[in-house]
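There are 2 protein chains.
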Amino acid sequence: MHRERIRLPSLMSKVMSAADAASLIKDGMTVGMSGFTRAGEAKAVPKALAERAKAHPLKISLMTGASLGNDLDKQLTEAGVLSRRMPFQVDNTLRKAINDGSVMFIDQHLSDTVEQLRNRQIKSVDIAVIECVAITEEGHLVLSTSVGNSASFAILAEQVIVEINLAQPLELEGLHDIYIPTYRPTRLPIPVLKADSRIGSQAVKIDPAKIVGIVISDQTDSPSTVLPADSETQAIAGHLVEFFKNEVRQNRLTNQLMPLQAGVGTIANAVMTGLIDSPFHGMAMYSEVLQDSTFDLFEAGKLDFASGCSMTLSERKHDAVYNNLEQYKPKLLLRPQEISNHPEVVRRLGIIGINTALEFDLYGNVNSTHVGGTRMMNGIGGSGDFARNAHLAIFVTKSIAKAGAISSVVPMVSHVDHTEHDVDILVTEQGLADLRGLAPRERARVIIDNCVHPAYREALNDYFRRACAIGGHTPHVLRDALSWHLNLEETGRMLSV
Amino acid sequence: MHRERIRLPSLMSKVMSAADAASLIKDGMTVGMSGFTRAGEAKAVPKALAERAKAHPLKISLMTGASLGNDLDKQLTEAGVLSRRMPFQVDNTLRKAINDGSVMFIDQHLSDTVEQLRNRQIKSVDIAVIECVAITEEGHLVLSTSVGNSASFAILAEQVIVEINLAQPLELEGLHDIYIPTYRPTRLPIPVLKADSRIGSQAVKIDPAKIVGIVISDQTDSPSTVLPADSETQAIAGHLVEFFKNEVRQNRLTNQLMPLQAGVGTIANAVMTGLIDSPFHGMAMYSEVLQDSTFDLFEAGKLDFASGCSMTLSERKHDAVYNNLEQYKPKLLLRPQEISNHPEVVRRLGIIGINTALEFDLYGNVNSTHVGGTRMMNGIGGSGDFARNAHLAIFVTKSIAKAGAISSVVPMVSHVDHTEHDVDILVTEQGLADLRGLAPRERARVIIDNCVHPAYREALNDYFRRACAIGGHTPHVLRDALSWHLNLEETGRMLSV
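Quick mapping for you: the protein sequence lines, in order, are chains Y and U. Take the position in the first sequence, starting the count at 1, then add 9; the result is the number in the numbering used here. Take the position in the second sequence, starting the count at 1, then add 9; the result is the number in the numbering used here.
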């Protein structure tokens, strides 16, 4: 049974039900699960764990790569299983629990989690639950649609539960490049020199004696929920393509651009799709999540190679890619998120990083996470890993939200995830602000003139004028700096216009 | 004349007066000058430039490594020479001009400036003015007490003016390790594997035909203005030593610790001095500025090696070090600031980064630069380069300032330079908060309990309680979040206690 999936015969005896495997997870444990942006998460064991907790309550600390699919964070939250969660999530039920303070959420740069684990700076992983397509003859793990933090979780955990997911094709084998940085103080450079550098092994090397349970599952990843481009996301893409063209004219880029990274979600995906109708070609991606747009760019003949740490596709795209996996495989690589997002590699390659802002301010500080300065949306994700070290740190957003009740450009952001020092380019459907080499007062001018929605432009100009009259390197009217957020909280609109 | 200082005979004809050299700097030029933290700045030419501008006004963009000594920023500001200035400064007169908006100041991570220059993302350097102890037989530049950005300025500039400073001993030759990252897209790893890795050349390799003027000067660096330790800085050092001891007990550090970085100034210097009376030994520094404490640690037999990008000593320490330079030289290395601060190297080595905060908030966000959210003090300097990628990102400050009118711990910082994601440890004379692996509400608890001055503790507890009652992952009472800063602005005190 499943001989091609479990190739080390001595492990056959470890096959068990999801419920039995879930019972190996004890109250108070720290659990490291596979899964990154709804791809490759362990599916059967967390579901069984949520079931079990209804009758036999228990609490765990849960670490993943990033977000889980199949409503697992919802089910685990509703079952009261989560006491702590890191480093990222996107689930509505869990989000509520985080914001009411019942789940302690640690919002981290996604390259940092396993670095902290390896250095024993956060509580160690007791048990890892990892989705795989196969276990090799050596007992090594062949991961599925995401690498995320799975390799380090499996290597550092005391015990490992493997979910062999029959719904994930065996053809995924060979797609992974597993490299773990050596230990300090004798750590060596990470040898990624280009987006397509292969530096590691195809499977995660662990001692098979650590495998305490194998569960056979058969459930697909949740499809991505990316929305199709609209006129505003197309306008954002258009501004960026024009900007890149000018960078080529100025000899700061070639028509290959530099390796591209795009954040998860509708806007970033639309921006990447916008590169189909551009003069650029022979491009590469060195990114986190490979989305629909990656494969659209392959099909358009624009993209030569894509490196990521997970693959998250829509229903539309899923079959087209999976039915042609052998054709795509030579152009794809999935790495640990520590490597896909590593500051060393991002700076060396000179990434063009395109990420989504929740809001930004007059001076180019970006809020990626907190609504009204308090309520967590998802988490910073990899945006900080990329923006700080990128050749170009680009943030995109629509200029207004909620039918104009909210301006995405504000006097002062209510929470800072990316400081003015780390932000080069801001883009809304209104236009693009190039902040490179500008002082704060100059940044405010180009942001107001290029990015703000017309309904808010005069109010921001007025704030900026009053702030400059008071003075300061970064002028603010402290009494009014957060007033737009206060108005929103109290009246449902940032301005009574 | 000066044959041992100017060893390429054909360059002798380039020797000229400072005034003649200054006349090579034209209105509108971008000028790259040597100098980092009042060490190794070009001294005669900027002084002559300020003189000339009194009679013949001109404006330049001035880039340096970091701050200049000998009141040069003051003189250049008063003469109206500076239209733009980057990436760091500490001068009172220039600070006023920055804050009234008459000088455009670009506050950058100190590893970033030459990366942006190399990629032509900021205006290129027209002329470099570099202090040297000598020019070699090949016409290469032997720098003095700082490397800073001097190497890249000289390499990238069209023209180079060299100041040969006779007051800087020739024995400095051999102390420098000049390595410039290769160009993308074929950039290679930076081969620093340990604090003492020597990876480059002793002199800056340029085409001597670019040298358009040589000025002989004879003026020492300004002494550092670091104050002696007081009971509060000693208490901060004491808390950190206890913390490190516990890290050793927990097997997260050895008695060698990890390579240390300490920010410039009195508190960081006092913390380093505090390591003299500690069980740690065989330590190394991989830092920016080597201060008095570096040499105190050498003398105490605690430190094996120190890598930096400049040396800034007090009058007390200057003679002791310079009279024994040959003894110290095997234990010292001065690198370009791009390398001393490089994210790749900082992450690889696992630096312990100790930097000074102006203020921090309940959740661990740090303001390093802006008083009242608006007025620039100095600049972020290298603190971001180190904190983001450190093994331990530590920020230190006294819990109160201005005789208690100001609390350094506030509900919400008025400006963010280091986000909650990048801050591991906060220390005041009151105690130490270990934020690793904690969610925001947990961080607030340990910060209030450990770092806040007793006079402000109840007020912060009250704010935190009211914020938690409203809810949110990072609870805030938005209406009151900046009220302490407003009170300070309006009444001279943060609280009327």
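Misleading hints may appear alongside valid ones.
One copy or two, it doesn't matter: identical chains are merged, so the pair holds either way.
Okay, derived cross-link-like pairs now, DSSO-like style, lysine-lysine, Cα gap no bigger than 30 angstroms in a straight line [unchecked claim]: (1) Lys-214 <-> Lys-407; (2) Lys-219 <-> Lys-411; (3) Lys-132 <-> Lys-254; (4) Lys-203 <-> Lys-132; (5) Lys-214 <-> Lys-203; (6) Lys-407 <-> Lys-203; (7) Lys-68 <-> Lys-407; (8) Lys-83 <-> Lys-254; (9) Lys-338 <-> Lys-63; (10) Lys-35 <-> Lys-105; (11) Lys-105 <-> Lys-203; (12) Lys-83 <-> Lys-407; (13) Lys-35 <-> Lys-132; (14) Lys-254 <-> Lys-411; (15) Lys-340 <-> Lys-68; (16) Lys-214 <-> Lys-411; (17) Lys-254 <-> Lys-219.
Because the hints were derived from the structure by calculation, they are not lab data.
Going through the hints against the structure:
no., hint, result
1, Lys-214 <-> Lys-407, "neither (44 angstroms within a copy, 48 angstroms between copies)"
2, Lys-219 <-> Lys-411, "neither (51 angstroms within a copy, 58 angstroms between copies)"
3, Lys-132 <-> Lys-254, "between (48 angstroms within a copy, 19 angstroms between copies)"
4, Lys-203 <-> Lys-132, "between (34 angstroms within a copy, 28 angstroms between copies)"
5, Lys-214 <-> Lys-203, "both (24 angstroms within a copy, 28 angstroms between copies)"
6, Lys-407 <-> Lys-203, "neither (33 angstroms within a copy, 46 angstroms between copies)"
7, Lys-68 <-> Lys-407, "neither (39 angstroms within a copy, 39 angstroms between copies)"
8, Lys-83 <-> Lys-254, "neither (44 angstroms within a copy, 42 angstroms between copies)"
9, Lys-338 <-> Lys-63, "neither (42 angstroms within a copy, 67 angstroms between copies)"
10, Lys-35 <-> Lys-105, "within (25 angstroms within a copy, 61 angstroms between copies)"
11, Lys-105 <-> Lys-203, "neither (41 angstroms within a copy, 46 angstroms between copies)"
12, Lys-83 <-> Lys-407, "within (29 angstroms within a copy, 44 angstroms between copies)"
13, Lys-35 <-> Lys-132, "within (15 angstroms within a copy, 60 angstroms between copies)"
14, Lys-254 <-> Lys-411, "neither (32 angstroms within a copy, 53 angstroms between copies)"
15, Lys-340 <-> Lys-68, "neither (42 angstroms within a copy, 52 angstroms between copies)"
16, Lys-214 <-> Lys-411, "neither (49 angstroms within a copy, 58 angstroms between copies)"
17, Lys-254 <-> Lys-219, "neither (53 angstroms within a copy, 33 angstroms between copies)"
Checked against the numbered hints given earlier, the structure breaks hints 1, 2, 6, 7, 8, 9, 11, 14, 15, 16 and 17 and satisfies all the rest.
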